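Those sequence lines, one after another, are chains A and B. Residue numbering for the first sequence follows our numbering, starting at 1 and increasing by one per position. Residue numbering for the second sequence follows our numbering, starting at 412 and increasing by one per position.
No lab work stands behind these hints, which were simulated from the structure alone. Among the clues, some could well be false.
Claimed, not checked - Pulled a few chain B residues facing chain A out of the computed Cβ check, cut under 10 Å:
no.: 1; residue: ASP428
no.: 2; residue: GLN470
no.: 3; residue: ARG478
no.: 4; residue: GLN481
no.: 5; residue: ASP497
no.: 6; residue: MET514
no.: 7; residue: GLU515
no.: 8; residue: TYR522
no.: 9; residue: ALA530
no.: 10; residue: ASP547
no.: 11; residue: LEU554
no.: 12; residue: GLY597
no.: 13; residue: ARG599
Said to hold, decoys possible - Here are the simulated distance ranges between beta carbons:
no.: 14; chain 1: A; residue 1: SER12; chain 2: B; residue 2: SER505; range: 25 to 31 Å
no.: 15; chain 1: A; residue 1: GLU14; chain 2: B; residue 2: ASP611; range: 45 to 51 Å
no.: 16; chain 1: B; residue 1: GLU439; chain 2: A; residue 2: GLU14; range: 25 to 31 Å
no.: 17; chain 1: B; residue 1: GLY584; chain 2: A; residue 2: SER333; range: 54 to 60 Å
no.: 18; chain 1: B; residue 1: LYS489; chain 2: A; residue 2: ALA58; range: 29 to 35 Å
no.: 19; chain 1: B; residue 1: ASP480; chain 2: A; residue 2: GLU14; range: 17 to 23 Å
no.: 20; chain 1: B; residue 1: PRO501; chain 2: A; residue 2: PRO36; range: 16 to 22 Å
no.: 21; chain 1: B; residue 1: SER523; chain 2: A; residue 2: SER396; range: 19 to 25 Å
no.: 22; chain 1: B; residue 1: ASP480; chain 2: A; residue 2: GLY109; range: 41 to 47 Å
no.: 23; chain 1: A; residue 1: PRO176; chain 2: B; residue 2: LYS484; range: 39 to 45 Å
no.: 24; chain 1: B; residue 1: SER505; chain 2: A; residue 2: ALA58; range: 38 to 44 Å
no.: 25; chain 1: A; residue 1: SER12; chain 2: B; residue 2: GLU439; range: 54 to 60 Å
no.: 26; chain 1: A; residue 1: ALA366; chain 2: B; residue 2: SER523; range: 19 to 25 Å
no.: 27; chain 1: A; residue 1: GLY153; chain 2: B; residue 2: ARG520; range: 43 to 49 Å
Remember, it's a predicted structure, so these values are computed and weren't measured experimentally. Yeah, the Cβ is synthetic: ideal placement off N, Cα and C, and Gly gets one too.
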Amino acid sequence: MLKQIIEATRLSPEFCASLLRVPAEQFREWMDGKRPIPQFVVPELCTILGVSEKSLLARAPVRGTDGGSLAPAIWFKLRTDNLTGADRELVGLVRRLGFFMAQLEVIRGIRSSRAWRAVAQAVLEQIDRSAPPTVQGRDAALSFRAAANLEHGQTGIGELIRPRLRQIGLVVIESPIPKSSLEGCCCAIGPEGSPRPCVFANTFKSTWFRRNEILLHETCHAIFDLENDPVALDFRDQSGEAAALSEVRARAFTQETLVPRSVLVHYTNQVGLNWQRLTPQQLAQLMASIHVEQETLLRAAYEWNFISDDLYSQYSDYNCGSVLREISFHAWSTRDFLRQQAGESPKWIAENRNTTVGARSLRLPAGYVQQVIDTLNTGEISVAKAAELLMMDRYSFAERFGDLVAEPIPA
Amino acid sequence: MSSPAAPQNNPKLIIIDSSVLLQLIATEQFGVLRLLRSDFGVQPAIVQAVESEVTCILQNVPKFRGRQDQMKKAIGNKTLAIVDRDLLAPILGSSVDAWIRQMELEGVRLYSTVDRGEAFTHAASMVLNVPTATNDTTAVSRLLRGGETIPRPIFRFWDFVVFAHQVDLVDAGACDKVRQFLHKIGERLHPCFSNCSFHDGLPYFYARLACANRPTVGASQPQERFDDRLLLIATRSPTDALGEPDQHTPRNKSDVRAE
Chain A
1 MLKQIIEATR LSPEFCASLL RVPAEQFREW MDGKRPIPQF VVPELCTILG
51 VSEKSLLARA PVRGTDGGSL APAIWFKLRT DNLTGADREL VGLVRRLGFF
101 MAQLEVIRGI RSSRAWRAVA QAVLEQIDRS APPTVQGRDA ALSFRAAANL
151 EHGQTGIGEL IRPRLRQIGL VVIESPIPKS SLEGCCCAIG PEGSPRPCVF
201 ANTFKSTWFR RNEILLHETC HAIFDLENDP VALDFRDQSG EAAALSEVRA
251 RAFTQETLVP RSVLVHYTNQ VGLNWQRLTP QQLAQLMASI HVEQETLLRA
301 AYEWNFISDD LYSQYSDYNC GSVLREISFH AWSTRDFLRQ QAGESPKWIA
351 ENRNTTVGAR SLRLPAGYVQ QVIDTLNTGE ISVAKAAELL MMDRYSFAER
401 FGDLVAEPIP A
Chain B
412 MSSPAAPQNN PKLIIIDSSV LLQLIATEQF GVLRLLRSDF GVQPAIVQAV
462 ESEVTCILQN VPKFRGRQDQ MKKAIGNKTL AIVDRDLLAP ILGSSVDAWI
512 RQMELEGVRL YSTVDRGEAF THAASMVLNV PTATNDTTAV SRLLRGGETI
562 PRPIFRFWDF VVFAHQVDLV DAGACDKVRQ FLHKIGERLH PCFSNCSFHD
612 GLPYFYARLA CANRPTVGAS QPQERFDDRL LLIATRSPTD ALGEPDQHTP
662 RNKSDVRAE
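The following block holds chain B by itself, in its conformation from the complex (with noise of 0.2 Å):
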């Protein structure tokens, strides 16, 4: 659970993995990634095995298919960034390939437990210390319980669309339809969000991930496990929705060594 801290730098990446990725291609929220690039310095990455799987899914999976293209142009204006030496290099200079070698051990061993890019997005978040993504927490749950130390917080989906609302680059009743769509294509919905609108579920959603310059939205207690809060700090004069960072908010603690 979350405790005052004072505040920290940004994360230089966050890890996304499959089930994150892919409803954000659904819903086409590339935005938000985009504006965690832009004014806040955080690169969203996915690893390899990531792209793949997802490429893969794009291809076979009906209620996917089609989508390649929004990827790939994520991928080539680098909203999204691939896990690799190009990446990596200006972050941890001449070391980086012991890094990536390091990561790559340890997506092996994790990958017998949790599926290949479960297992390389953990293993690269662990290793670079750096948040990740995901939607599937039975996989959280099972690094947890084999000792592994996975950083926090832990990101979902919807962290990403709250955070969007609240630095207002999309509205309710936008953040509503995307609820709608994931409904109406069978993905599962977080609970705050499953049977009620945007606006009715938000009160209860508890933002992991939260802009230091604006007011919080959502629940301002921890509802659930993982429950962690990253607050960002704009890093460039940032669209007229950023603002000076809201003083009545607590920043939490998150060691980052990619700093």
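The shape of chain A in the complex, shown without the other chains (with noise of 0.2 Å):
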């Protein structure tokens, strides 16, 4: 069957074997069925491709079906043309790093997946599913802020976003992929007992303003639609789908939950702003301490009764860019954040967290790397263990974090 279901899956035998760390032609040959498939890799290989033992190592071939019947639901969505072969393949490499951080937490004796079950329920139990999907997704932004314990002190949310998605069990993903419109991506990963979702956003030509969005128009496909689809894809152009139910509530959550009304009327009231003549100088500063981008701002704001049509208008036409620059250093691209960070943190959290498969790269989250150095130095793993968790080889592990290890690196 592995044949089959790689080639449902779209991926290159090449790659697959890049990812499980084995030469090219033994998968190949698992795949002909000259070769048993070995029990090592059983374990990876199902997380990665969504399907159990059994199925995997079934010898019948499935008479009477196209191929892309036999893909793992997983896979299936992935295979629309509208999707490169990057973007398939980055979503082998988040699923193996959920395979590893499913294993990292068994050895830390940490259940993410119970903390992110709960607050979904929580989220869920107060929407009225047949309630139009704005008001759906108003009510679950109120809902998710108090249950992810983001609604202290009305002021911007975007720097905790990150930490609070990963602290009930999220797995957060930023990491480019170039040449790709996808812009975020949501699906389950890890084994198939203890599931979690992820929720990935392209940096890309992005900025972190627009990433937020993303990650919470993510998060909200992980509360309401993942038990359905098993992966929920976001374009940079999406209109073809921009009005199906769950995109409308999607982008309701993510505004209310960015932007509710209270920020807005505690920002209004503590630099005592007029909505009536607000300059761009004033709107980037809005924009930098509510940490969203233009236009979501101002629909919220009109929304909310601060501005009338005309105003929304004119102030969508206002470039703010240079000046959200000169005040935030969250709007810097990446590379110059990166390189300022250098400066000021470890090298790791600012170059070495990138892992390579193939043509492909992954960047590491900064939080899970730390975990796995923490975990080594405490002697809960062997360093060959790090550096597989990490998903590169022992010597680029040795070269880029031996340093952080108490223990020396053994030969």
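With the hints in hand, could you dock these two chains into one complex?
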């Protein structure tokens, strides 16, 4: 079955071999049935492909079906022509990371998936599924801000989003996929028994402000849609999908989570803003404080009656980019930001978090890297295991992280 | 630590992990593995996970790149065996499949705390009760902390080099070239050989693998954790290098189920 499953996913055998750290010719032998699939790759392969061990090891080919129908549920949607090979490969990488994250949690005795289920349940209980999608999104945002501990102080929450999402059990990944129209996606990762949602934002030609919205948009999909649809995909130009209930709900959720009315009132009072005569500098200052893009901020102000139709159009034409870059480092490009971080943070945070499989690269979450190093230093895993959890060979690991490891790295 | 015991038979297998195998390949030391097999009846072997891992490293890591043929050749001429049904059936008989299944289950279990190659190497070693060769003490420490029983001794790369020197397969000069080469490619050396020549470091190195037919070399007393010694007896009329067993050298306990 392996050959049929791999063909159905539209992943190349060479990439799969790199992903599993086995020679390509060996992987081909497994696909062609010349050698049995060894047990040492079975758990990883099942998790990445989203199939059971029984299906993976089944010998009898399925007859009378087209290739697509054999694709595991997670990969069925990823077969779409809107996605590039790079997108699919990145999902493969992320799913492998999910496998190792689950292993690390077992080692550390943590069960994040339980925390996530509790939060998602708390949100869903408050929602009237027959209400308009915008209302569902707003109501969900209110519950979510409370459940995820995001509602203290009516200020911008952009800097809290990532740590809070991780705290409640979501896997948050921001990494570049050049030449891809994929802006964000959400899928379940990890082994069959303990799946957890992963939200991904493409950092290529994107801003931190934009990604705040993407991550929350995908979080909404994780709450509402993941149970019935194993993967949610959001593209830069999503005109065809924009009217779908789940997308309308996710947009309302994002806006309400980031810019509820109380936050606008707070900043209006704090700086004595006159919404009728807003300058580009003031608008940039608001964006920098509330951590949202111009369009989202103005749409919220309009919907909460802070500005009229005319002012909405007028303020939408403001170019706040240069002012924003001056007053907020969040408006810098990723490269500039990481360069600046290099001076202030350990080198590995700025430079050494990329892992490469074939031609594909993934920037690992800094918190995850830190957890792996800590777990190694407390003697709970071996050096080679630490390298494996970070999806790199032991030589790259020694070169990048040798200074952080308490015990000398063995030859 | 070691304690003298009655002589026992040589183990049928030594399971080698990737850290040792890569250094053997890089320094072209397959001669000692051939000798172990031909003159002592000890078959050096690797698990499939290590075969895959090492092949990938030989393809991708610059300092090892281009040495794939050495490994292929060693496997082809049986200097190095793969732990599989073909290897184990003559040793374990009709219950071989059950043993293999047991090794796989143990490997999957250990995989949560040590890496894939280490997990399946130690699983094979534990199930078959044969010694392993690994340089990674962090994996051994982690497994022992978790209550696993790892067969002793645990060989390091330098145990093979010193053994080769003891049986006159390689002279001290050649051993020092090995040391220099590993240093040059950035491989961490055993502390005994890291800042001095092979000749100067040898007196401080406690060889865990030694030939009973020859006077021992190196330190006479254990120097560090896991320092247990296995004395091998030549099983066939060996090269002229090997004489009668040294009557003054005590042998240590080595319970090898595969015998």
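Violations among the numbered hints: 3, 4, 5, 14, 24, 25
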